[in-house]
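Asks: Each chain, letter by letter, is given below.
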Amino acid sequence: MNNQNIADLLISVRQKRPLVHHITNYVTVNDCANITLCAGASPVMAQAPEEVEEIVALSGALVLNIGTLSPDLVESMLLAGKAANSRDIPIILDPVGAGATALRTKSARYLLDKLSISVLKGNAGEIGVIAGTGGQVRGVDSAGLTGDPVLVAQACADMTGVIVAMSGPTDIVTDGTKVTLVKNGHELMGKVSGTGCMAASLIGAFTAVSHDYMDAAAAALATFGRAGEQAGSKATAPYSFRTALFDSLYAITPEDIARNALIETL
Amino acid sequence: MNNQNIADLLISVRQKRPLVHHITNYVTVNDCANITLCAGASPVMAQAPEEVEEIVALSGALVLNIGTLSPDLVESMLLAGKAANSRDIPIILDPVGAGATALRTKSARYLLDKLSISVLKGNAGEIGVIAGTGGQVRGVDSAGLTGDPVLVAQACADMTGVIVAMSGPTDIVTDGTKVTLVKNGHELMGKVSGTGCMAASLIGAFTAVSHDYMDAAAAALATFGRAGEQAGSKATAPYSFRTALFDSLYAITPEDIARNALIETL
Amino acid sequence: MNNQNIADLLISVRQKRPLVHHITNYVTVNDCANITLCAGASPVMAQAPEEVEEIVALSGALVLNIGTLSPDLVESMLLAGKAANSRDIPIILDPVGAGATALRTKSARYLLDKLSISVLKGNAGEIGVIAGTGGQVRGVDSAGLTGDPVLVAQACADMTGVIVAMSGPTDIVTDGTKVTLVKNGHELMGKVSGTGCMAASLIGAFTAVSHDYMDAAAAALATFGRAGEQAGSKATAPYSFRTALFDSLYAITPEDIARNALIETL
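Residue numbers (our numbering), protein chains in the order written: chain Y, 1 to 266; chain B, 1 to 266; chain L, 1 to 266.
Calculated from the structure, these hints are not laboratory results.
Check the hints yourself; a few may be wrong.
Pairs count within a copy or across copies, as identical chains cannot be separated in the list.
Stated by the list, open to error - Here are the simulated lysine to aspartate or glutamate pairs, EDC-like style, with alpha carbons at most 16 angstroms apart:
#	residue 1	residue 2
1	Lys191	Asp141
2	Lys183	Glu229
3	Lys114	Asp175
4	Lys178	Asp158
5	Lys16	Asp141
6	Lys106	Asp72
Kindly generate the complete structure, drawing on both the sequences and the hints.
Replies: Here it is, written out as structure tokens:
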């Protein structure tokens, strides 16, 4: 993948406006809706077991986020996920807080076990926990991991058979063998609630327009990170940065992405 | 209704500060609260069956929004709605995503059947679905309808016996016979999650201060649309536009409304 | 407590970054997360009975807010609260809408009865209702109380045995005997949904770094009010004010607090 491929994927999201079905937490759900719109895609949030299969059948991708989970919600995720799998609709899993509680760790493993997940997006601690190589999670934040992040991401991808997108100062996307590093981003993204959830929404939008989910995940993260860089040139505090982040994603040009995406294939 | 009537209704909302009870989705609920405050009214969100009757009894209007529904939530809506009907408190129904899933279509019809709804506010697709004349809904967005929008809105009002407010580039408000077109608005309103929900909140606030619900609905939409126009003169991307939209509604003067409301009675 | 103590507590929050566990409403939950981050602390929202005890055990404080309650949620609050009490983790209770419905009044009293609450933060009407001295609540807003606010706050603290933080143009913090008045703030804070909830989040963050909960509560309210004053110098309408409020809290210096906190001990 080169920078022009990333720009082309962004163009494709804007042209096809894929519907991205979210079953997600109630903390950052509005941010997920607005970031999906700003990317040029179309969000829909639905969690009732009576309707999730119908909604996902209309959608280009399914985003599952366990940020404020309950056992019932996990069952809705399973229903939606099975319907997605039967139609080859990509599923993004964001295992928010895996490692912080037994319920979260167990629910993340359960969904990984029962569904064919396309991209597992988590912070370093969450990925380390799922890899079983050691990860610390403090609430919903990563508190570090044991070992080299690239090796941990690869181990997680190997163990789960799923493409892993590990967020951090440098994002790491890997299928266990190939590794793409994404170096775009801005430190204020870590001071805003929900940027991790938003990244998963964007990976959903990009996987909806490409069958190469590893490239799609890297492209989504590079685009989001580049929007963060633009926002960081306009704002110096988190909440005005947040406004600028949405606006920048909306206004970002494929030309800017082609020039400024910072990806590296190992 | 003329422009001065709209301005007078806005003044009345600000003077009486009606309580607007919402049973709504968890995606845009914060936006509904803040837009209600910016209009000069007072929001309250409550959905527990143990308390919705008490809350609605204190309120000037009830807004029911099925954006993230469950069967239990619909039962809370029914309880609150019956209490509202027994006190002649106006009810606004926003059938978000009717047509996208059986649960949504069925729930919208159920509430229309069991309650006396004052204003049914939906996008073109949703209104077409409820009218039974053909409507396409993609997730929670309208994807068009079959036939002339004014005729579809009238058919929906005729069939349901409810005043219909169909949102779109031109909003259409009709009781089946009379038709008011509202031409205020800005295209960036379609790029922000929740502007449809916010419109329903404002219709709630305006119906709380006028017994002519058709005029109240048109006045609410004209005022919101005019705030959108002002916001559009300040911002060019969705999220800063969103901030400007709330601010503009808060600061808008009755004089501005009297001058710039764009309504047309057919 | 003097102004330098307040500044020192802010420094301590930023250094220790305590985890603040929220079981709160779905209207303002995102604001609570972001304000906690802007203060320098770390938010976590979790309400499933399967995990609240684990989450609170990791946390520096627990914030319970009944803004959109259900009986099940109150039971989760009880579970979390008992785990907090057994570990001497401070609990902040925000009895949103107590007095507006029987469910809210009863739930607030139930939590006060079953748990050892560290700080009860409410508006004048809510505190008056809980004190039993007469309080009016309109939806979730105070509509006044019977008697002198300081005496009502003291009566509430006496009756409950809990430190009371009564918000208003002047905030009143009391353990029944000692009284601290906090005079920082800006009137636009009352035009933004959720500033009361955010105040409770900040009290949570400050009690997590000080064993003197009365001082911690006053310090949190003075810091928040001072951020409001700074925001009010940058914005004149509610939504841009809201952005400035988050940004100001993030950027506020201990030196500014030491100079400009307006507290008075009676």
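Asks: Give a verdict on every hint.
Replies: Okay, the hints, checked on the actual structure:
Only within a single protomer do lysine 191 and aspartate 141 lie at most 16 angstroms apart by alpha-carbon distance; the minimum there is 11 angstroms, versus 30 angstroms between protomers. Only within a single protomer do lysine 183 and glutamate 229 lie at most 16 angstroms apart by alpha-carbon distance; the minimum there is 11 angstroms, versus 38 angstroms between protomers. Taking the shortest alpha-carbon separations for lysine 114 and aspartate 175, neither the intra-copy value of 19 angstroms nor the inter-copy value of 51 angstroms comes in at or below 16 angstroms. For a Cα distance limit of 16 angstroms, the shortest separation of lysine 178 from aspartate 158 inside one copy, 11 angstroms, qualifies, whereas the shortest one across copies, 61 angstroms, does not.
In this assembly of identical chains, the alpha carbons of lysine 16 and aspartate 141 lie at most 16 angstroms apart only when taken from different copies (15 angstroms versus 34 angstroms within one copy). Only within a single protomer do lysine 106 and aspartate 72 lie at most 16 angstroms apart by alpha-carbon distance; the minimum there is 14 angstroms, versus 22 angstroms between protomers.
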